[in-house]
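Trainee: Protein chains in written order, with the numbering used here: chain A, 253 to 600; chain B, 253 to 600; chain C, 253 to 600; chain D, 253 to 600.
Quick caveat, the hints were computed from the structure, so don't treat them as lab data. Please note: incorrect hints may appear among the correct ones.
Which copy is meant is left open, so a pair is good if it fits within one copy or across any two.
SDA-like mimics (lysine to any residue), calculated; alpha carbons at most 20 Å apart, straight line [what the hints assert, rightly or not]:
1. Lys340 with Gly436
2. Lys305 with Glu519
3. Lys526 with Met456
4. Lys514 with Glu254
5. Lys502 with Glu422
6. Lys514 with Gly330
7. Lys345 with Val292
8. Lys334 with Ala359
4 protein chains.
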Amino acid sequence: MEKIRASIIGGSGYTGGELIRLLLFHPNVELCEITSESLVGKYIYKAHPNLRKSTNLKFSSLSEIENCDVLFLCMPHGQSQKSIETYKQKAGKIIDLAADFRLKDLAEYEKWYGHSNSNPTALSEFVYGIPELHRDEMKSSDFVSSAGCNATVSILSMYPFYKEGLVDTERTVIEVKVGTSEGGNKYSASSHHPERSGSLRSYMPLQHRHSAEIVQELSFDEKISVNFSATSVDMVRGVLATIHLFTNEKLNDKDVWKLYRKYYYDEPFIRIVKEREGIYRYPEPKLLIGSNYCDVGFAVDDTSNRIVLIGAIDNLMKGAAGQAVQAFNIINGLEETTGLTFPGFHPI
Amino acid sequence: MEKIRASIIGGSGYTGGELIRLLLFHPNVELCEITSESLVGKYIYKAHPNLRKSTNLKFSSLSEIENCDVLFLCMPHGQSQKSIETYKQKAGKIIDLAADFRLKDLAEYEKWYGHSNSNPTALSEFVYGIPELHRDEMKSSDFVSSAGCNATVSILSMYPFYKEGLVDTERTVIEVKVGTSEGGNKYSASSHHPERSGSLRSYMPLQHRHSAEIVQELSFDEKISVNFSATSVDMVRGVLATIHLFTNEKLNDKDVWKLYRKYYYDEPFIRIVKEREGIYRYPEPKLLIGSNYCDVGFAVDDTSNRIVLIGAIDNLMKGAAGQAVQAFNIINGLEETTGLTFPGFHPI
Amino acid sequence: MEKIRASIIGGSGYTGGELIRLLLFHPNVELCEITSESLVGKYIYKAHPNLRKSTNLKFSSLSEIENCDVLFLCMPHGQSQKSIETYKQKAGKIIDLAADFRLKDLAEYEKWYGHSNSNPTALSEFVYGIPELHRDEMKSSDFVSSAGCNATVSILSMYPFYKEGLVDTERTVIEVKVGTSEGGNKYSASSHHPERSGSLRSYMPLQHRHSAEIVQELSFDEKISVNFSATSVDMVRGVLATIHLFTNEKLNDKDVWKLYRKYYYDEPFIRIVKEREGIYRYPEPKLLIGSNYCDVGFAVDDTSNRIVLIGAIDNLMKGAAGQAVQAFNIINGLEETTGLTFPGFHPI
Amino acid sequence: MEKIRASIIGGSGYTGGELIRLLLFHPNVELCEITSESLVGKYIYKAHPNLRKSTNLKFSSLSEIENCDVLFLCMPHGQSQKSIETYKQKAGKIIDLAADFRLKDLAEYEKWYGHSNSNPTALSEFVYGIPELHRDEMKSSDFVSSAGCNATVSILSMYPFYKEGLVDTERTVIEVKVGTSEGGNKYSASSHHPERSGSLRSYMPLQHRHSAEIVQELSFDEKISVNFSATSVDMVRGVLATIHLFTNEKLNDKDVWKLYRKYYYDEPFIRIVKEREGIYRYPEPKLLIGSNYCDVGFAVDDTSNRIVLIGAIDNLMKGAAGQAVQAFNIINGLEETTGLTFPGFHPI
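Construct the entire structure; sequences and hints are all you get.
Mentor: This is how it looks when you write it as structure tokens:
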């Protein structure tokens with residue numbers, strides 16, 4: 253089979269680096285060009301030191317990029333909507349990893365990103381990038397807007413409950429613990445090691461842009477609301493979502509097992525983790541570093557209608573580059589798990 | 253002024269060690285004896301290596317302990333209720349750091365600790381050990397039951413709201429992040445460094461013994477309930493409580509400032525932390541290591557009646573030994589802050 | 253091509269787990285059996301939680317193991333020498349990951365392991381398992397004794413210098429920093445998270461069993477000696493060796509570059525890391541987690557004959573399971589890098 | 253006794269913050285002014301969040317500073333030599349925490365700091381700030397130049413050996429492991445949490461400015477040389493020095509105990525740490541956080557003349573602010589340990 257020619261616009265950041273790593277080792281991909289205006293002409297490993305000896309590619313400039321089959325966009329939010337038409341002329345299929353085409357509600361986009369979406373037409377062409385929810389749409393689409401990391405883990409943990417209409421929709425509390433790679437590679441006083449090491453920091457105590465994605469994807473009969481909060485911990489990769497969900501009727505362990513299995517038994521990248529004993533009884537992000545899995549687990553409160561859902565992902569993988577490659581596989585008719593079977597490490 | 257003679261029953265654990273450190277440097281205390289059956293005759297620094305050169309005391313046996321003014325009990329839960337009468341003969345004042353005399357409701361005690369309290373009479377003599385709530389009772393008491401760490405930080409964060417009857421009492425969600433010293437010095441597979449390093453572990457997703465203390469202390473007109481969850485992070489000392497509290501009526505920032513100030517302005521060990529800018533805008537446990545402060549902060553959700561409260565303590569200090577010494581100062585008529593003014597480190 | 257049937261004796265530990273992971277995803281391997289006497293009948297993922305959903309294999313008992321093509325031995329030191337003849341009847345090729353057949357000098361073995369080697373005959377059949385030094389011998393051998401982790405990184409860093417006779421052989425100081433996975437999965441007071449977190453612990457200030465391997469492999473004309481020291485740091489995986497090597501004659505940067513390139517330019521798993529600028533100017537183990545690379549770097553002291561060599565590996569990969577699979581590939585006539593091309597993560 | 257009036261020039265950095273903390277709680281000090289040109293008029297706790305509620309002082313400007321008894325200088329290297337005469341008019345006693353007056357050899361200063369010392373006259377008035385070596389000189393001096401952190405721990409570990417002429421002076425190898433607070437509060441790409449977390453980075457493989465201090469203080473009969481190397485680890489505070497020292501004649505454990513005791517038995521801030529069993533057999537920086545102790549330990553190599561010395565300090569305390577206050581106590585005729593008795597924490 254001929255290889256699919258792929259290029260990356262904006263490949264110097266953390267998500268870009270992870271995407272390069274995945275595509276370099278993807279059996280059906282020829283990675284053609286990776287742009288970075290600030291690093292033009294420099295070896296890829298200057299920005300991504302793990303890739304030393306894995307590739308001799310150098311960063312190229314956006315202005316010189318050639319046509320290819322698939323274009324990945326890894327630019328800061330707000331860029332891709334401006335020049336999407338140009339990119340469409342370069343490649344027939346586009347996967348955007350920024351937030352530009354995630355929110356279908358223009359008012360919501362403006363509220364969270366501080367400016368109106370300049371390209372509502374393109375917006376309608378993009379499929380929201382969680383394959384477990386939108387696999388069929390992806391199969392017949394050429395444009396995918398990759399989902400936010402906190403949104404992905406929250407949505408996948410809760411989806412079966414909301415989809416089945418089981419939730420008391422105003423009470424849900426989502427407590428997300430995130431690592432520092434989520435903030436990208438731009439350094440600041442707050443990311444200075446002596447200040448960030450050992451930190452347990454309420455950086456988004458009330459809300460997060462990603463909560464708009466959660467609301468969009470989990471609103472079925474009515475528009476739901478969620479009580480979100482994000483705390484940064486001393487960890488580089490990974491997100492753990494602890495979700496307090498209140499059901500309309502009392503469910504027990506068996507009910508929840510059945511529900512999760514109904515939705516996720518055949519999913520290649522979702523694992524239900526709930527053990528009676530041992531160390532790893534619930535999902536934990538450290539086991540997922542570099543993996544595309546989303547692990548979900550739960551505990552049912554006997555004294556109320558509360559269920560605590562616990563979801564974990566690697567924010568750079570299932571929360572970004574991995575999920576983008578999963579979508580890439582789907583829109584190109586490849587086996588969905590191609591290049592993504594890495595199971596994580598233990599111990600780590 | 254003559255020094256107060258104090259001894260410690262069960263001084264080989266983490267709480268015991270912290271208490272020794274505090275009492276060694278307390279200007280009004282003569283630390284007499286510290287018992288440990290397994291370490292009798294060994295230098296204190298063998299168990300608490302930080303205290304090398306600070307004391308030449310050795311561990312003694314419970315059987316040989318002499319009379320003193322104040323006895324601190326640092327034994328595993330369930331021990332002190334059995335032998336409290338013996339201890340009363342040794343000292344006129346007793347501060348128990350275990351859970352034996354915390355819960356006034358015998359049914360609750362049995363539910364959480366798996367056995368009935370064998371000494372309900374003694375129970376009634378003990379004041380629950382959070383000075384900010386029970387200072388006056390302490391002043392006229394000789395017996396204090398020190399509060400649990402997760403309970404302390406949760407109660408102090410929420411107290412003004414519940415006391416004033418502002419809370420929709422069924423909706424509160426308490427998400428506590430704890431360090432590994434909370435589990436004590438007994439090692440296990442789960443505390444093995446390669447398994448625990450980098451962990452973000454839902455070890456108590458639904459409930460915790462300490463939630464019974466929270467219910468006890470915050471139930472005023474009616475018995476409340478709380479939705480508790482505890483996650484262990486890769487940190488040794490410290491607790492961070494992120495609390496989603498829903499008020500009956502909409503409050504704004506000013507209201508909450510006013511409320512906290514009303515209750516805590518004069519409190520020597522509570523700081524309200526809420527900054528508009530900078531790195532440390534909300535409480536963070538790493539700044540509190542070794543300190544007796546409880547830092548509280550908050551964020552008001554504009555879109556609902558939710559207020560997110562953020563509380564932080566050092567579990568071995570304000571959550572255990574420090575708070576015990578604070579109570580010690582009160583029941584002995586000393587300045588409440590004596591020996592407890594350490595403000596924490598930065599950076600750390 | 254038919255798959256090579258491989259089994260693992262003793263697969264419940266950290267090295268065993270890593271080996272399982274590698275073999276499960278090795279394109280030319282059929283992983284048949286994995287023994288663990290304490291976990292017989294349990295799923296592999298109970299010991300290696302990262303492998304959930306990657307395999308349905310269960311642990312089997314040593315007594316039931318069937319014949320296969322290659323047997324990997326991952327038992328505690330001292331076991332394989334006793335029963336090697338039995339294993340030879342099970343498989344034609346054997347790779348031992350313990351220390352039993354590493355030291356050719358029986359007196360050295362006895363000195364470091366406290367008992368005499370009970371099988372000197374088998375010893376002579378085993379090739380010492382660093383392919384970069386013994387590739388040709390491996391090609392004509394069926395038995396490989398995998399090298400120690402600290403030995404591997406030290407030997408590979410220094411090999412060109414000793415091989416060329418450039419070293420003042422009594423002066424070399426080797427300072428190795430190791431993570432906690434090196435100690436295996438057996439927990440103890442010393443590995444208890446509150447004690448080990450943040451530690452910087454001189455656990456082997458003077459010597460280590462692995463130094464005997466270094467001496468064996470780097471003694472050419474005369475028996476050398478090394479001044480070894482190992483410090484444990486708060487990290488799970490990885491070894492960093494900082495080596496102070498004194499040359500007989502003054503070398504400069506160019507000389508060392510030339511020397512390293514002569515020996516390692518064609519080596520698939522060795523990277524020379526020495527940058528003039530940027531963050532990662534020298535080898536660093538965090539970039540190597542899960543990778544089979546050994547990164548080597550250097551700095552030449554202008555004021556003396558000292559060269560500081562800096563080597564890094566993942567102790568469970570190039571220091572154990574990865575190097576074993578590398579040897580496996582060689583003795584089976586496969587491409588040496590098969591199943592081992594993972595380049596590590598960034599950031600992590 | 254009347255309090256000593258002290259002020260700090262340049263108090264916004266990490267060393268300045270630690271000094272403020274110490275002086276605020278020093279029983280004989282009235283902390284008058286703390287300057288910071290960038291933070292004039294702001295509360296101290298804006299830069300040092302641990303000090304919230306400990307002081308109401310605000311940063312003042314250098315231009316407004318009033319006369320006092322003792323002036324602490326915490327400015328970047330190279331500043332104090334320019335304006336020392338001005339400061340002398342402000343205060344009779346000066347303690348400089350920068351490097352300006354540490355190196356007595358002008359050529360050495362120029363070599364390491366890239367410019368000539370502009371004030372050789374003042375240089376001769378300053379005593380090098382390690383009390384254990386220069387206590388008597390300090391007693392009759394008004395000017396102290398506080399020592400570098402890596403220098404302090406290295407010098408104190410080795411001093412008895414060099415002083416007694418026991419060392420083969422060309423062979424010493426000093427391997428220092430440092431935390432990230434040593435680099436100050438200026439953030440950069442290299443200190444960005446995702447890049448620095450988990451790092452084990454050879455940032456100074458060959459030499460360090462502090463090695464010039466080591467040479468100065470340990471050269472008795474002849475000028476010695478040392479083979480230095482510094483590695484940064486994932487830790488905020490603390491330095492661990494692992495020193496390979498070769499003696500002219502073979503020493504045994506007893507000899508070294510005797511030697512250390514001769515020099516350090518009466519030293520209030522030096523502890524000899526060498527245990528046969530237990531977790532903390534050698535010095536470890538995590539036990540010293542916030543403490544002014546320098547812990548020293550050793551291991552004697554039976555097979556050679558090598559002794560491995562292990563020294564640990566908190567770089568901001570015994571390596572900076574703590575040692576400065578120790579000197580302050582001496583030059584003011586106070587008990588040397590005043591305000592410095594904190595023994596560190598366990599666990600931490």
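Trainee: Are the hints correct? Go through all of them and say.
Mentor: These are the hints, each one checked on the structure:
| no. | hint | result |
| --- | --- | --- |
| 1 | Lys340 with Gly436 | neither (27 Å within a copy, 48 Å between copies) |
| 2 | Lys305 with Glu519 | between (34 Å within a copy, 11 Å between copies) |
| 3 | Lys526 with Met456 | between (28 Å within a copy, 13 Å between copies) |
| 4 | Lys514 with Glu254 | neither (37 Å within a copy, 37 Å between copies) |
| 5 | Lys502 with Glu422 | both (17 Å within a copy, 16 Å between copies) |
| 6 | Lys514 with Gly330 | neither (38 Å within a copy, 45 Å between copies) |
| 7 | Lys345 with Val292 | neither (24 Å within a copy, 50 Å between copies) |
| 8 | Lys334 with Ala359 | within (18 Å within a copy, 59 Å between copies) |
The earlier numbered hints that this structure contradicts are 1, 4, 6 and 7.
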